[in-house]
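> Put together the whole structure using the sequences plus the hints.
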Amino acid sequence: MDFSNSSEDARFREEVSTFFKQFTGDGGSLPTREREQTLGRAMAERGLVGVRLVDGALEPTLDKLQALIVAEEAVRWGVDLNFITGNMFVAKTLAVVGTEDQKLTILPRIARGEVRVALGYTEPDTGSDIAAARTTAIRDGDEWRINGQKMFTSGAAVSDYIWLLTRTSPDKPKWAGLTMFILPTDTPGITVQPLETIDGEREATMTFYDDVRVPDSARVGEVDGGAAVLRLAMDFEHGGGAVPGRSLVGTAHEAWRSAVEQARNVLGADGRPLLDDPMVRERLVTLAIRNDVSALLELWSISTGGSSGPSGAVGSLAKLHSRETQQLVFETILDIFGDAAGLPPGVEGGLADGEFEVGFRRSMVATISGGSSEIQRNIIAERLLGLPRMGRK
Amino acid sequence: MDLLASPDDRLVTDAYRAFFERKAPLNLTRDCEARRPGDPGHIGFDDSLWEALCDLGTFELDRHDDAGLPVLGLIAEEAGATLAPVPLVEVATVRRLVTRLDAEDLVDTTGAAVATVVPRVVDRRDRVLVDAGSMALQAVVYDGHGVHVVDRARAASQPVDNLAKAPLAYWTIELEGERPIAAGERAARAFREALVDWRTLLSHLLAGMASRALALAVEYAKTRVVYGSPIGAYQAIAHRLADSKVMTEGLRLLAYEAAWAAAYERPSAVRHSLVAASYAAEVAPVVAAHALHVHGGLGFTVESDVQLYARRAKGWALRLGSLPDLHRALGVALFDSGDSAPTARG
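Listed in order, the protein sequences are those of chains A and B. When we follow this note's numbering, the leftmost residue of the first sequence carries the number 947, and every step to the right adds one. When we follow this note's numbering, the leftmost residue of the second sequence carries the number 1106, and every step to the right adds one.
Treat the hints with care, as some may be off.
To be verified - Each pair of labels, with its calculated beta carbon distance range:
1. B:1118 with A:1074: 33 to 39 Å
2. B:1249 with A:1144: 27 to 33 Å
3. B:1118 with A:1224: 36 to 42 Å
4. B:1340 with A:1293: 39 to 45 Å
5. B:1370 with A:1168: 54 to 60 Å
6. A:1224 with B:1327: 41 to 47 Å
7. A:1294 with B:1172: 41 to 47 Å
8. A:1121 with B:1331: 27 to 33 Å
9. A:1217 with B:1249: 52 to 58 Å
10. A:1007 with B:1407: 42 to 48 Å
11. A:1168 with B:1118: 39 to 45 Å
12. A:1291 with B:1107: 39 to 45 Å
13. B:1172 with A:951: 40 to 46 Å
As the list claims (entries may be wrong) - To give a feel for the contact side, a few chain B residues facing chain A, derived at Cβ under 10 Å:
14. 1144
15. 1211
16. 1213
17. 1216
18. 1337
FYI, nobody ran anything at the bench for these hints, they're computed from the structure. Predicted model only: the values in this text are computed from it and were never measured. Backbone N, C-alpha and C define an ideal beta-carbon position, used for all residues, glycine too.
Rendered as structure tokens:
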């Protein structure tokens, strides 16, 4: 085991920090194509989106630790990298199973940081059971006709492509009848409807597919082979791989650090700084321990997966712990500071201009998105502990 | 940065796992806990296992260079996994302490001689519960001013039964008129470092206990059939065990980091040892208690193996000191010391 930071990593962190500093403050605002494209291109030029194309082949530009550093520094400077995260799962998956045409047209644009891909997995009736997708794709000559609806197609309103999971064989067992497509968002028949969420972001959408016609060249992987494509993409998603934009720990750690600084100055009922109150210290100490655990689990999952591959089920340990901790951190901070911490940005008397109030609302999706905590526990139980498969057929 | 076991780490782990599996079966642990104060032999101590462990050259692996504490930590983890009745943590800590103070000839740790350390500040006249105090010939203590060596023969030692089934004994200490072997900042520093060793090695020991207790529960959950299914197929059981897995791996990693930080003399070593100890004291007993719970009523019977772990995990956690004390000290390290960048490893 080696816990040391190399001097190259420290230098890299310094560079990345300087880079994100100039984009600071754009994090909470409306995600516009312009903002994302400017940031995306600038990141691509510096190799910070994580991949580049060399003679048509996708190469990683970051190792996993560097990708984590990019993610952490983005959080530190309040820069939202959501738009890159989904891109990377898709790019890495396309590089393995995509057609030559898809690799030629889509990968270069992702590598240049100028397009965004939205993930069309979950549906109104399926939730975490992604493989239960009911959106159908039916072959019609050389084309496919797609009908159905997707929920939480994050960023679809500002995306160029949708990575769409469909059902092609309703009569086959659930996992055996799926097919993956990638299609331009402006394909006729696609309707994007914003979905207001309590974090105040404009990311979430519902997407409707009404006799959407796409050529067979939009298909990714085999017909009815969507499960394999999905598993690959989800392994890249859960287990990391060099994907910036996903610091599992960063948000909770920055919030903790900020809360400690506030507690030095905010006075309690006894007229002394809250940080002198043993009850407050106890709670902040507990959070620090939890954040440490999250950080080490994340670094362990990075070590497990090698420099760029997926780390699989170990990533679920990190995901489960860090997301639940993120919620605990914001709940506790609101408890400690009381009223002032519950005031949103721009309201008189708010603590740290509403930073914790916003963080609290955002954290509520942490245990749901990217595979719910229950899904992570299933994965840990089955794949790490070897327990029997839960009552599913 | 690489949090996987290195080939050298694996050699140590494999060798000691094989040793403890062969030499320290659970019925040895049971035999050692069946003794009462006053019986021949000591509760929680098997001298032939201890001699075999010393004969392996275990403490010579602690070359007091970079690799010392992490290697001892790996061994402590294996000792914890088998509940081996040996004073590994006590002797390792005291050996390192006397080496730091160049006092090897004042404290006998040659061969299989047992010496120990009291990991909290004592009063000049005190009656203290001493780890390995049943059989240790000497204990090294610190009274806030100087480090002293106390002989058991002069301490009216009195073994006591305890939750951990550890060889604890009360010693009566009288330091008035005694010459310390070190004093002032040198003593304070050596004692501080001994506490880091103590917390770190005990965290490893508890990680080993938690890990094996979880393994017992997983094995049981795969085979025990209730209402037509193995109980491990029910999420109420599986999710509890998944949470235990998170805690166990988290603890293991914190212990490794504490050992690493101490070995490389990082300024954060004290903080890391307190984080590991706090988490160990909190979660190792929980993981072991969950493991017992999963066994149902059978886990509550004396004949079950998991109960050996559940009692010891809590009992040994207490050897770290009280949890509020650990958190208080960690608060000082986090908020008052200027060492202000926990977690993010940048």
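> If a hint holds in the structure, say so; if it doesn't, say that too.
Hints and how they fare:
Our hint of 33 to 39 Å for residue 1118 of chain B and residue 1074 of chain A holds, since their Cβ atoms are close to 37 Å apart. Evaluation of the 27 to 33 Å hint for residue 1249 of chain B and residue 1144 of chain A yields a failure: the beta carbon distance comes to about 54 Å. Separated by about 40 Å at the C-beta atoms, residue 1118 of chain B and residue 1224 of chain A satisfy the suggested range of 36 to 42 Å. Range check, residue 1340 of chain B to residue 1293 of chain A: about 42 Å between beta-carbon atoms, so the 39 to 45 Å window is met.
Between residue 1370 of chain B and residue 1168 of chain A the beta carbon distance is about 56 Å. The supplied range of 54 to 60 Å therefore holds. The hinted range of 41 to 47 Å is satisfied by residue 1224 of chain A and residue 1327 of chain B, whose Cβ atoms lie roughly 45 Å apart. At about 58 Å, the beta-carbon gap between residue 1294 of chain A and residue 1172 of chain B misses the expected band of 41 to 47 Å. Taken as a hint, the range 27 to 33 Å holds for the pair residue 1121 of chain A and residue 1331 of chain B, whose Cβ atoms sit roughly 29 Å apart.
Remark: the range hint 52 to 58 Å for residue 1217 of chain A to residue 1249 of chain B is contradicted by a beta-carbon distance near 33 Å. Take residue 1007 of chain A and residue 1407 of chain B: their Cβ atoms lie about 60 Å apart, and the range 42 to 48 Å is violated. At about 43 Å, the CB distance of residue 1168 of chain A to residue 1118 of chain B agrees with the hint of 39 to 45 Å. Between residue 1291 of chain A and residue 1107 of chain B the C-beta distance comes to about 41 Å, which sits within the given range of 39 to 45 Å.
Separated by about 19 Å at the C-beta atoms, residue 1172 of chain B and residue 951 of chain A break the suggested range of 40 to 46 Å. The interface hint given for residue 1144 of chain B is broken, as the beta carbon of that residue sits about 40 Å from the closest beta carbon of chain A, more than 10 Å. A distance limit of 10 Å between C-beta atoms decides the matter here; for residue 1211 of chain B the minimum to chain A is near 34 Å, and the interface restraint is violated. A hinted interface residue such as residue 1213 of chain B counts as satisfied when its beta carbon comes closer than 10 Å to some beta carbon of chain A; here the least separation is about 33 Å, so the hint is violated.
For the restraint placing residue 1216 of chain B at the interface with chain A, the shortest Cβ-Cβ distance is roughly 31 Å, beyond the 10 Å limit, so the hint is violated. Among the interface hints, the one on residue 1337 of chain B holds; its C-beta lies about 4 Å from the nearest C-beta in chain A, closer than the 10 Å criterion.
Of the hints listed earlier, those the structure fails to meet are numbers 2, 7, 9, 10, 13, 14, 15, 16, 17, in rising order.
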